[in-house]
Amino acid sequence: MSTPWRTVAEDAGDDGDEGRGTDEGPLLSLLTKNSPSAEARPEPVEPTRAGARRGGGGGSRAGAGGGASGTGSSHPATAWWRAERLMPHGLRMLTFIPLVALLLILGVLSWKAWPAIRFNGFGFFARTPWSVGNTYAPIVTTHGVRHPPLASYGALPLIIGTLASATIAVVLAVPVAVGTALLVVEKLPPRLSSAVGFCLEVLAGIPSVVFGLWGFFTLGPFLSHHVAPLWADHLPDVPVLRFFRGPTGGGEGLFTVGVVLAIMILPIIAATTRDLLRQVPRATVEGALALGMTDSEALGAVTVPWVRSGVIGASVLGLGRALGETIAVAMVSGSLIGANVHSFYSAFNTIAAAIVNQLDGAQTDASGLAISTLAELGLVLFVVTLVANLGARLLVRRVATTALPVGRGI
Amino acid sequence: MAAATAMTAAPPAARLGRRRSRNRLTWVLCAVALALVVIPVVSIIWGVAGRGLAHFRLSFLTTYPTGNVGGLLNSIEGTLVVTTGVLILAGVVGIAGGMYLAEYAPEGRGGILRGASEVLAGIPSIVLGYVGYIGLVLALNWKYSIYAGIVVLSVLVVPYITKTTEVALRNVPTSYREGGEALGMRSGYLLRKLVLRPALPGVATGLIIAAAIAVGETAPLLLTVGYNEKSPTFSLHNSPVGFLTYNVFNDYNQPSTFLHQRADAAALLLILLVLVLIVVARVVVMMTQRHSPDRPRRVRKTAG
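Protein chains in written order, with the numbering used here: chain E, 1 to 410; chain Z, 411 to 714.
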């Protein structure tokens with residue numbers, strides 16, 4: 001959250017750049033104090049920068065600012081002054097590192113994935129089998145790519161598995177997260193809502209490997225023995241519902257992974273929704289209550305429309321995280337490779353988990369095609385999560401009430 | 411709306427009753443949702459801590475593993491060393507980025523850099539890990555190396571540190587800067603002495619979050635630092651390191667009761683570390699808010 005100090009500075013009129021200022025007075029900017037984050041409403045930065053230039057340029061003033069130390073050429077303060085004048089440039093160079101890293105990631109992945117892209121072609125997205133090939137036979141060359149004989153890769157089951165598990169996670173997590181946030185903001189006393197906030201932080205902070213362990217030993221068996229049979233044994237044998245019928249397995253599979261992922265993305269969605277709900281103008285809600293609406297009717301008429309696009313943005317962010325989650329999925333998915341998921345409870349695999357699962361096997365491929373194919377998988381995952389993230393942020397920026405948390409949203 | 415048609419159709423008393431029960435139902439559903447958040451938290455901590463404590467041995471903390479016996483000392487050392495390295499590398503880059511974005515960045519460029527940082531935070535850690543694997547471990551021929559792990563995890567956590575630093579600096583009141591400038595301070599001196607100090611708790615929170623993430627990550631480390639039964643060595647090439655999450659991920663499914671117990675103990679240590687970090691972060695935030703002029707005030711709500 002940003003305070004509007006720059007706005008206040010501008011209102012003081014010291015650099016007098018009226019055109020760039022926001023036209024709200026200090027009072028209004030105080031009211032919206034917690035609302036806009038840095039990127040939701042980029043604020044004019046003129047005063048400080050102008051100040052920085054003045055401070056750097058005016059020798060005598062700057063010297064006086066350094067305290068009693070003089071500006072003689074041999075004095076250590078001079079070195080400091082020089083270093084400080086360079087500081088913005090040094091900081092700027094370091095700030096570009098994320099951008100450079102992003103481009104490097106894309107570049108390295110594409111470079112490594114290129115042979116696999118040529119070898120696998122578009123059929124990569126439509127094939128099911130996954131085979132490194134005969135790594136003991138001499139390497140052969142097809143389309144200019146060296147590979148072991150019989151190598152064949154298809155990502156269809158992985159893509160389906162990734163999308164299916166992430167969709168289940170979001171469908172389960174959003175109502176729970178929104179309900180929790182509503183209760184916390186509207187009903188619970190501060191002490192209790194702080195306790196719930198602590199729960200959310202813990203949930204966001206627990207390592208995914210611990211989620212995997214818990215899913216494997218506690219949640220998976222519980223779901224497959226006590227929860228899933230509630231409907232799996234009674235559903236009719238018709239086309240869509242057939243998918244949810246049948247034996248519920250031992251706990252490793254699509255359903256368990258969906259629930260684990262839902263719990264993992266709960267904190268992002270719940271915490272964002274909570275922060276959004278706190279910004280809903282109290283007077284409007286009270287107006288709705290004064291018209292005789294019940295609490296829940298006021299929610300439907302005022303509160304929920306106010307936060308809707310923010311919640312959608314947070315959900316897409318959660319979707320992005322569910323798509324990319326690796327270790328927890330690798331531990332409870334059953335790691336099926338080369339076959340499509342056939343029931344709601346069957347073993348499957350996701351792109352991210354397959355990269356971890358298949359790495360050992362890939363290292364046996366002397367031609368490097370297997371490593372390259374995993375890089376292609378990584379590229380697919382990169383693009384999918386990139387689209388999800390950018391979409392979420394654009395959606396939320398459009399309404400500009402609050403910014404989305406970064407990443408896990410602790 | 412459905413509610414409107416219902417209102418015209420039913421007599422007033424029944425209508426009011428229906429609206430009341432619908433209201434009650436909404437809040438009951440919300441309470442169920444809250445329970446669905448709290449129960450997993452309790453279950454995870456209870457389950458993992460219970461399993462970990464049941465067969466906990468002190469030797470897990472004090473001995474190195476050899477084959478399928480021995481403790482976790484290598485992994486404890488490795489986790490601490492890698493986390494420290496990440497805090498140093500990512501701390502420098504992240505805090506510098508936050509300072510630049512809050513204090514110096516022009517609007518357009520700031521937006522691009524912020525966007526890049528957010529997008530970076532959204533990339534799955536496995537992708538970062540795999541890039542580290544093909545770029546650092548294979549192409550630069552570092553082999554499994556502690557530095558590859560530190561670099562990859564740093565890229566992972568820099569966005570968090572940048573973000574928290576920027577927010578903390580923006581929360582420092584303008585009057586501090588104006589006062590400093592009025593006294594003729596140089597911008598760098600002002601930033602260091604006046605602005606950075608009140609922002610320190612916020613910066614510290616970012617570092618703590620980064621540490622929690624670095625402690626809990628598995629996939630990127632699996633691909634970049636490998637595993638080693640000995641103390642970490644610090645050579646650039648071929649210096650694999652043990653880490654706690656590896657013990658959980660690799661041993662939970664092995665055919666050995668002892669390895670299961672050790673995996674549970676590692677999970678217990680991980681949860682303890684993360685809980686301690688979260689509590690410390692909370693305390694830091696509380697200390698900040700006590701002195702902050704814009705601490706959230708409790709609003710008394712009218713009874714609904």
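Just so you know, the hints here were simulated from the structure itself, not pulled from any lab data.
Positions of the beta carbon are idealized from the N, C-alpha and C atoms, including for glycine.
Do not rely on the hints blindly, as some may be mistaken.
[To be verified] Not the full set, but computed from the structure, chain E residues with beta-carbon under 7 angstroms of chain Z: (1) Thr142; (2) Val145; (3) Val209; (4) Thr218; (5) Ile355; (6) Val380; (7) Val383; (8) Asn389.
[As the list claims (entries may be wrong)] Chain Z residues, not near chain E, derived (Cβ > 10 angstroms throughout): (9) Leu471; (10) Thr572; (11) Phe644.
[To be verified] Chain E stretches covered by chain Z per the calculated footprint, using a threshold of three residues with CB under 8 angstroms from any CB of chain Z: (12) 105-116; (13) 178-185; (14) 191-203; (15) 239-249; (16) 303-310; (17) 326-334.
Taking the hints in turn, this is what the structure says about them:
1. Thr142: violated (22 angstroms)
2. Val145: violated (17 angstroms)
3. Val209: holds (5 angstroms)
4. Thr218: Holds. Min distance 5 angstroms.
5. Ile355: holds (5 angstroms)
6. Val380: violated (10 angstroms)
7. Val383: Violated: closest Cβ of chain Z sits about 10 angstroms from valine 383(E), beyond 7 angstroms.
8. Asn389: Nearest chain Z Cβ about 4 angstroms off; hint holds.
9. Leu471: For leucine 471(Z), whose nearest Cβ neighbour in chain E is about 19 angstroms away, the distance exceeds 10 angstroms, so it holds.
10. Thr572: Label violated. Min Cβ-Cβ 7 angstroms, cutoff 10 angstroms.
11. Phe644: Non-interface label on phenylalanine 644(Z) holds, nearest chain E Cβ at 23 angstroms vs cutoff 10 angstroms.
12. 105-116: Three-residue rule met by the region 105-116 of chain E, so holds; n is 4.
13. 178-185: holds (count 6)
14. 191-203: holds (count 7)
15. 239-249: Not satisfied, violated; 0 residues make the cut.
16. 303-310: violated (count 0)
17. 326-334: holds (count 4)
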